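Number of protein chains: 2
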Amino acid sequence: MAKQVGNKQVIFKAFVTGFPKESDMAIATSTIDLSLPPPDGAILIKNLYLSCDPYMRNRMSKTEGNYRESFTPGSPISGYGVAEVVESSNPNFKKGELIWGATNWEQYSLIKSLPPLGFSKIPHTDLPLSYYTGILGMPGVTAYFGFHDICSPKQGETVFVSAASGAVGQLVGQFAKLKGCYVVGSAGSSEKVDLLKTKFGFHDAFNYKEETDLNAALKRYFPDGIDIYFENVGGKMLDAVLLNMRIRGRIAACGMISQYNLESHEGVQNLFALITKRIRVEGFVAFDYFPQYQKFIDAVLPLIKQGEITYLEDIAEGIENAPGALIGLFHGRNVGKQVVALAH
Amino acid sequence: MAKQVGNKQVIFKAFVTGFPKESDMAIATSTIDLSLPPPDGAILIKNLYLSCDPYMRNRMSKTEGNYRESFTPGSPISGYGVAEVVESSNPNFKKGELIWGATNWEQYSLIKSLPPLGFSKIPHTDLPLSYYTGILGMPGVTAYFGFHDICSPKQGETVFVSAASGAVGQLVGQFAKLKGCYVVGSAGSSEKVDLLKTKFGFHDAFNYKEETDLNAALKRYFPDGIDIYFENVGGKMLDAVLLNMRIRGRIAACGMISQYNLESHEGVQNLFALITKRIRVEGFVAFDYFPQYQKFIDAVLPLIKQGEITYLEDIAEGIENAPGALIGLFHGRNVGKQVVALAH
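Protein chains in written order, with this note's numbering: chain A, 1 to 344; chain B, 1 to 344.
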């Protein structure tokens, strides 16, 4: 017997230049029959949590695509999410299992061809399921391997994290502290700066919007220079950081959110410092580390359970609020990891 | 008995902004007594060859100096050179020995405090002594370790070298070819482009001054992208290269000569490619590798003797022509490694 239900979706309307707006997306309702078995190999899932991540801005532009493919105008936005398997014609997934991975911004998704990296099953724990969009999902993998693998941190080194209260930054700061580093973060409001110092244990933090001279600000917080910079923003901040790096410093380039909405990227002028200070800059993407996901979980789950690491989420309720939550990310409106809850 | 002789010197007149000019230097003659024993630990040397190197431009500016100290106005310029020991009060050096290392731009130098990395003695070979300012000196160390150590080259990879006919670039291209890489160079004249293809065996080469669109030029020579970029120039070329790098490409940042004479450095806009393509950029300086000099010599001397590697020098005669030779470097007038011969 057919079981038709409404399926609300966030439709991507057209490619974006400059800052995206809520009106670049539309909420539409299609129908889906939950009683039909999915085609061979496919799974039907109910999306529970959607993840808002800065890299999604790039998918709103028409780009050449050696990174992530652009969104398709007229189709739902896609991204990372947590879901429950409703029906399965894939021997690897059973009805009722909880999973996280690449899904669509809609209430139910028929996943015909599983993405190359598949879905990870979520074991039963008493941790919030939404954590699999953040600390236990892509941002967690980003922070963990970006910091430990790309930055080669040593005890006593100085670490600077930009966008430090975000999904990735808050974790990098805590990993740095656990490693015995001195860590300072920058963020865009005094509320976020307070969080960095009180909730996440950064040694110090500042509001970059209140600094007229970022070079001077960094000199104040790092009088002896920066060994490690975890780069989330790009542009002017990167230029100021280059002037303050120490010899043999390392820069893990994770994101450049300050540039994503600019039609022409800001030019970075201080690259000669790379030579004089023998700096290594290395870009990376989380999905290269997904094959090491279990290693990450084995390291991080105990830290969470022992209270050695904490995580702050900013949860919007309902798919109708998903476009606004995503747009808010580019204005720094979120405080902590931005998630959209579709069902609990 | 006193043996006073005239000692011609190239005096640095004042700090420079923009392009340096010959008139920023002056030829002066002091006197020196060659019969007096040097003070304890010091050596008196007769300079034979002076090396003109791009990094010297930075020493003409007043800079903060975590790299190389600025020149001293009113004193001779200093740089790498080849010399003969005239008198020695240092047990490590004997009269008549040939050495290379940091010296002054003058006919005779009294080296009181030996530089931290000292001088290397030149063994008796039938190779030109001037080679110790180039292929067997600092530029050789730069090319050898910069390419093999920083670029991590693999057979079959594609390599792009800018300033490719210069002291370092001509060697990087030849090392790349010996490694089984496909190598293309850029230079600033058709004469240099011809040299790259005929004398140094680059697979291809182009004159960057004839290209209105560097991105398009690189796409023409590297339709499948660049694995390794040996960066000697910076600025617009780096920006174009970033658009053409392959995933997991490497950039060895050796120098940025296109920027040295600009009062404000060009901004590099395409750094987001570091992330999407997981590129590693690493700056380095030759003197960090000087402790491995013997390893370098053991590898490179046989290659020269077997004719597997060649080297082109552009030798100016006489200290009077030294300022012009140095200035010529910043206009690309030299064809090959620029040397000044003071005595043969």
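Some clues are possibly wrong.
No distinction is drawn between identical chains; accordingly, a pair holds when it is met within one copy or between any pair of copies.
Stated by the list, open to error - In silico BS3-like pairs for lysine-lysine, Cα to Cα no more than 30 Å straight-line:
| hint | residue 1 | residue 2 |
| --- | --- | --- |
| 1 | K177 | K112 |
| 2 | K121 | K197 |
| 3 | K219 | K62 |
| 4 | K95 | K46 |
| 5 | K112 | K305 |
| 6 | K179 | K277 |
| 7 | K295 | K13 |
| 8 | K154 | K219 |
| 9 | K219 | K179 |
Derived from the structure by calculation, the hints contain no laboratory data.
This one's a predicted model, so the numbers in the text were calculated from it and none came from an experiment.
Going through the hints against the structure:
1. Taking the shortest alpha-carbon separations for K177 and K112, neither the intra-copy value of 43 Å nor the inter-copy value of 47 Å comes in at or below 30 Å.
2. Taking the closest pair of Cα atoms, K121 and K197 never come within 30 Å of each other, the shortest separation being 34 Å inside a single copy and 56 Å across copies.
3. In this assembly of identical chains, the alpha carbons of K219 and K62 lie at most 30 Å apart only when taken from different copies (20 Å versus 39 Å within one copy).
4. For the homomeric pair K95 and K46, the shortest alpha-carbon distance inside one copy (11 Å) is at most 30 Å, but the shortest distance between copies (86 Å) is not.
5. In this assembly of identical chains, the alpha carbons of K112 and K305 never lie at most 30 Å apart, being 36 Å within a copy and 63 Å across copies at closest.
6. In this assembly of identical chains, K179 and K277 lie within 30 Å of each other by CA distance both inside one copy and across copies; the values are 24 Å within and 28 Å between.
7. For the identical chains of this complex, K295 and K13 are neighbours neither inside a copy (39 Å) nor across copies (61 Å), given an alpha-carbon limit of 30 Å.
8. Within a single copy, K154 and K219 get their C-alpha atoms as close as 21 Å, which meets the 30 Å cut-off; across copies the closest is 40 Å, which misses it.
9. Taking the shortest alpha-carbon separations for K219 and K179, only the intra-copy value of 23 Å comes in at or below 30 Å, while the best inter-copy value is 43 Å.
Figure legend: structure checked against the earlier numbered hints; hints not met, in rising order: 1, 2, 5 and 7.
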